[in-house]
Amino acid sequence: MLKLFEHDKLNVHELSDAQTAIDVRDLNLWFDTKHVLHDISMRIPKHCITSLIGQSGCGKSTLISSFNRLNDLHQGCRYTGEVNIDGHDINSKKQNVSQLRTRVGMVFQRPNPFPLSIYENVCYGLRLQGVRTRRALDDAVEQALKDAALWDEVKDRLFESAHILSGGQQQRLVFARALALKPEILLLDEPTSALDPLTTLFIEELMAQLKSRCTIVIVTHNMQQAARVSDYTAFLHQGQLIEYSDSDTLFTMPDKKQTEDYITGRYG
Amino acid sequence: MVEFLRNMTTAAQRQSYAISLSAFLCSMLLLVMISILMLIVVRGAAYFWPEPIEQLVYTSAESGEQKQVYAQTSLHQTAPHKVWQLQYSDARFPFGNKALVNADVLKSRRNAADAASVRLHDGRQLFARPLTVTMPQSHPFSAERFAKAQQHELALSQQIEQIRVQELAAIHIKLAEYDRRNVEKEAPAREKLRAQFAHWHKKILALEEERNAYTLQVAFANQQRYTLPLADIASLEFVSRLSWMEKWGVAFDNIAVFLTESPKQANTAGGVFPALFGTVLMVFLMTIIVTPFGVLAAVYLSEYAPDNGFTAAIRISVSNMAGVPSIVYGVFGLGFFVYTLGGNLDALFFTEQLPAPTFGTPGVFWAALTMAILTLPVVIVATEEGLQRVPDGLKAGSYALGATKAETIMRTILPIASPGIMTGVILAIARAAGEVAPLMLVGAVKFAPNLPVDGEFPYLHLERQFMHLGVLIYDGAFHSQTDAKGAPMMFAACLLLLAVVFVLNIVAVILRTRLRKRYLVG
Numbered sequence: 001m002l003k004l005f006e007h008d009k010l011n012v013h014e015l016s017d018a019q020t021a022i023d024v025r026d027l028n029l030w031f032d033t034k035h036v037l038h039d040i041s042m043r044i045p046k047h048c049i050t051s052l053i054g055q056s057g058c059g060k061s062t063l064i065s066s067f068n069r070l071n072d073l074h075q076g077c078r079y080t081g082e083v084n085i086d087g088h089d090i091n092s093k094k095q096n097v098s099q100l101r102t103r104v105g106m107v108f109q110r111p112n113p114f115p116l117s118i119y120e121n122v123c124y125g126l127r128l129q130g131v132r133t134r135r136a137l138d139d140a141v142e143q144a145l146k147d148a149a150l151w152d153e154v155k156d157r158l159f160e161s162a163h164i165l166s167g168g169q170q171q172r173l174v175f176a177r178a179l180a181l182k183p184e185i186l187l188l189d190e191p192t193s194a195l196d197p198l199t200t201l202f203i204e205e206l207m208a209q210l211k212s213r214c215t216i217v218i219v220t221h222n223m224q225q226a227a228r229v230s231d232y233t234a235f236l237h238q239g240q241l242i243e244y245s246d247s248d249t250l251f252t253m254p255d256k257k258q259t260e261d262y263i264t265g266r267y268g
Numbered sequence: 001m002v003e004f005l006r007n008m009t010t011a012a013q014r015q016s017y018a019i020s021l022s023a024f025l026c027s028m029l030l031l032v033m034i035s036i037l038m039l040i041v042v043r044g045a046a047y048f049w050p051e052p053i054e055q056l057v058y059t060s061a062e063s064g065e066q067k068q069v070y071a072q073t074s075l076h077q078t079a080p081h082k083v084w085q086l087q088y089s090d091a092r093f094p095f096g097n098k099a100l101v102n103a104d105v106l107k108s109r110r111n112a113a114d115a116a117s118v119r120l121h122d123g124r125q126l127f128a129r130p131l132t133v134t135m136p137q138s139h140p141f142s143a144e145r146f147a148k149a150q151q152h153e154l155a156l157s158q159q160i161e162q163i164r165v166q167e168l169a170a171i172h173i174k175l176a177e178y179d180r181r182n183v184e185k186e187a188p189a190r191e192k193l194r195a196q197f198a199h200w201h202k203k204i205l206a207l208e209e210e211r212n213a214y215t216l217q218v219a220f221a222n223q224q225r226y227t228l229p230l231a232d233i234a235s236l237e238f239v240s241r242l243s244w245m246e247k248w249g250v251a252f253d254n255i256a257v258f259l260t261e262s263p264k265q266a267n268t269a270g271g272v273f274p275a276l277f278g279t280v281l282m283v284f285l286m287t288i289i290v291t292p293f294g295v296l297a298a299v300y301l302s303e304y305a306p307d308n309g310f311t312a313a314i315r316i317s318v319s320n321m322a323g324v325p326s327i328v329y330g331v332f333g334l335g336f337f338v339y340t341l342g343g344n345l346d347a348l349f350f351t352e353q354l355p356a357p358t359f360g361t362p363g364v365f366w367a368a369l370t371m372a373i374l375t376l377p378v379v380i381v382a383t384e385e386g387l388q389r390v391p392d393g394l395k396a397g398s399y400a401l402g403a404t405k406a407e408t409i410m411r412t413i414l415p416i417a418s419p420g421i422m423t424g425v426i427l428a429i430a431r432a433a434g435e436v437a438p439l440m441l442v443g444a445v446k447f448a449p450n451l452p453v454d455g456e457f458p459y460l461h462l463e464r465q466f467m468h469l470g471v472l473i474y475d476g477a478f479h480s481q482t483d484a485k486g487a488p489m490m491f492a493a494c495l496l497l498l499a500v501v502f503v504l505n506i507v508a509v510i511l512r513t514r515l516r517k518r519y520l521v522g
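These protein sequence lines map, in sequence, to chains A and B.
Residue numbers for the first sequence follow UniProt numbering, so the first one is 1 and each next one is one higher.
Residue numbers for the second sequence follow UniProt numbering, so the first one is 1 and each next one is one higher.
Quick caveat, the hints were computed from the structure, so don't treat them as lab data.
Everything numeric in this text was worked out from a predicted model, so none of it was measured.
Some clues are possibly wrong.
[Unchecked claim] Derived pair list, reagent style DSS-like, types lysine-lysine, alpha-carbon separation capped at 30 Å:
| no. | chain 1 | residue 1 | chain 2 | residue 2 |
| --- | --- | --- | --- | --- |
| 1 | A | K146 | B | K395 |
| 2 | B | K405 | A | K34 |
| 3 | A | K34 | B | K395 |
| 4 | B | K395 | A | K182 |
| 5 | A | K94 | A | K46 |
| 6 | A | K146 | B | K517 |
| 7 | A | K34 | A | K257 |
| 8 | B | K247 | B | K98 |
| 9 | B | K395 | A | K94 |
From just these sequences and the hints, can you work out the full model?
In structure tokens, the structure reads:
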């Protein structure tokens with residue numbers, strides 16, 4: 001096949017262990033009797049943005065939720081296969097789930113700040129970690145809010161309720177909350193779908209800045225967004241990983257017919 | 001009929017009939033509620049409001065003679081002819097009697113400005129014209145003289161009380177000690193004490209005699225005289241002379257007495273302080289017991305229990321428990337808490353006092369425990385509703401930050417559910433404050449000599465019996481029908497009970513609103 005342009009993207013199917021943040025092997029997942037994920041195997045590269053696209057209900061959110069075992073919250077959820085982070089299978093019984101979730105942060109579709117002050121929202125995770133000293137908390141809160149580009153807007157009202165913030169600010173607050181724990185991996189479950197275009201742009205810029213610090217996995221319905229922000233893209237359909245490659249290739253020269261149909265909007 | 005309506009009316013008409021009917025029923029309900037409230041407020045407030053005294057002349061229905069009395073009147077019935085109810089004093093019934101008088105036999109009726117309402121310390125009341133104050137010389141009555149005589153009399157009473165408490169009590173204690181040590185009857189120490197006792201006793205008798213010389217002579221409307229010892233008189237008020245503002249003053253005094261004093265005359269006069277205190281204490285203890293139990297049970301049911309048939313069965317049983325008649329809980333409390341639990345406690349820890357029971361008898365703690373069980377379902381159901389209203393997104397957010405289930409519940413779910421918990425506690429408080437039947441089995445009594453809280457170690461006496469406003473009302477309403485003052489006092493107690501429940505509710509609602517504002521979600 002003719003290479004239209006040169007790029008420095010890695011081949012996701014030939015990643016070395018050192019380049020891999022998350023290594024998924026033969027992951028199958030059921031909710032009660034419903035088979036949601038079918039034999040997913042993929043390696044997500046470190047310090048990159050990987051996006052998951054696909055129809056609603058195709059298992060994207062379930063897949064990223066299995067990276068921090070948030071699926072455990074649902075009764076009747078069973079899974080087989082491995083998800084390796086740092087060479088450890090997080091699905092093993094020995095895994096400390098709380099500790100895993102401090103290393104793998106997550107931001108949800110709807111901004112979900114706790115009904116506490118802005119300050120308390122950001123320290124929520126740190127307090128759970130047993131950080132008690134005021135100084136350490138203050139520093140961490142300031143750093144996290146600066147990382148989430150929210151500091152300048154809220155520095156004068158840190159102790160007011162988080163609900164006075166706008167939707168976009170709330171979502172950045174949720175980012176800050178996750179970043180305060182300095183996660184290695186950040187999972188974003190449609191983080192901009194409830195926000196206006198300008199705020200979306202803001203958050204996309206934020207993601208680009210955060211890339212150097214952590215691996216980002218984003219679920220999105222917005223194809224342009226996936227193409228814009230992500231280095232690699234995986235297309236899921238009905239619980240199966242159809243195609244997974246760097247974003248340029250996937251959006252310009254998809255291998256599979258299904259992928260092409262989806263990205264050109266010929267589905268359904 | 002239904003067929004007829006359907007044929008004769010259009011859909012719009014039928015709808016308007018339905019609306020009218022429901023509006024009518026709703027307004028009827030409102031009317032009933034307002035009437036209940038009005039009745040209790042009016043009759044209850046009448047207990048405090050000083051009614052003017054009138055001088056009446058009428059022909060007695062029994063003897064046919066003309067009678068002249070000082071009385072407080074109220075309209076008893078209007079149709080078919082007017083009948084007045086009198087509450088009067090005369091030489092035969094100095095402390096009040098009731099009579100019904102037809103308007104047509106009433107000869108004259110005028111305001112008696114010179115007649116006073118004299119209230120005694122034991123709660124009895126008499127209407128008469130004060131004539132002379134004896135202190136110990138007789139003087140014509142005047143307010144200043146009366147006040148002065150009362151002061152002197154009070155000083156004497158205090159002296160007597162002081163001797164009783166300080167001197168005589170000490171002698172009694174010493175004598176009791178000698179009895180315990182089997183000191184001989186004729187021992188010199190005893191003789192000495194006996195002599196001391198005689199000395200103080202003589203002094204008391206002398207003082208009492210001096211005090212008894214202070215009297216107030218009054219005259220009834222028919223000029224018959226009556227003499228009252230000043231020591232018995234609590235207050236004297238020329239009710240008919242009072243201005244409107246002064247009446248308010250008297251009413252407030254009455255309210256203060258009602259709220260701070262113990263009942264007198266078998267719960268028909270005096271105050272209701274012990275009952276008010278008992279009610280609030282019992283409700284307070286119950287809240288302390290029921291809240292942690294209810295909240296923990298609801299947290300388990302809602303957050304931890306597996307979603308299966310057994311949990312569903314538990315949930316249904318809990319809801320059904322709210323409908324169990326309260327007397328059943330009373331019997332359970334008596335059988336299990338009082339006899340079984342209390343009896344075993346006595347056998348284990350209070351053996352030296354047996355056979356006199358300590359905890360094996362109805363008491364305020366068992367009452368609070370019984371009421372806690374009775375209100376537990378309410379708290380559980382309301383808390384569970386509050387817990388279920390916590391958005392899943394927030395829970396997921398908490399878990400995603402590395403919180404364990406317990407941490408999520410403590411830091412996120414419970415604060416957000418706290419308005420729901422408050423709702424449950426409000427309902428529990430309202431129910432417990434108003435309940436009567438089970439309380440009579442497990443600790444509430446008509447008259448308790450001591451409060452459950454006093455200055456004696458351990459200060460809070462959980463095993464003591466207590467008085468309760470609901471029980472007081474029940475007792476007063478049934479056993480004091482004949483007494484003139486009894487029924488109005490029950491209305492006043494009802495009013496107070498309503499006020500207590502209202503205040504507790506308002507406090508809880510304010511608390512809940514603040515929590516809601518604080519933990520507003522979304």
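Evaluation of the provided hints:
1. K146(A) / K395(B): holds, 26 Å
2. K405(B) / K34(A): holds, 26 Å
3. K34(A) / K395(B): Given pair K34(A), K395(B) holds - Cα atoms ~24 Å apart, limit 30 Å.
4. K395(B) / K182(A): holds, 21 Å
5. K94(A) / K46(A): holds, 24 Å
6. K146(A) / K517(B): Distance of about 29 Å is within 30 Å: holds.
7. K34(A) / K257(A): Holds: K34(A) and K257(A) sit about 26 Å apart, inside 30 Å.
8. K247(B) / K98(B): Roughly 24 Å between the alpha carbons, so the hint for K247(B) and K98(B) holds.
9. K395(B) / K94(A): Holds, at roughly 24 Å.
In this structure, every one of the numbered hints holds.
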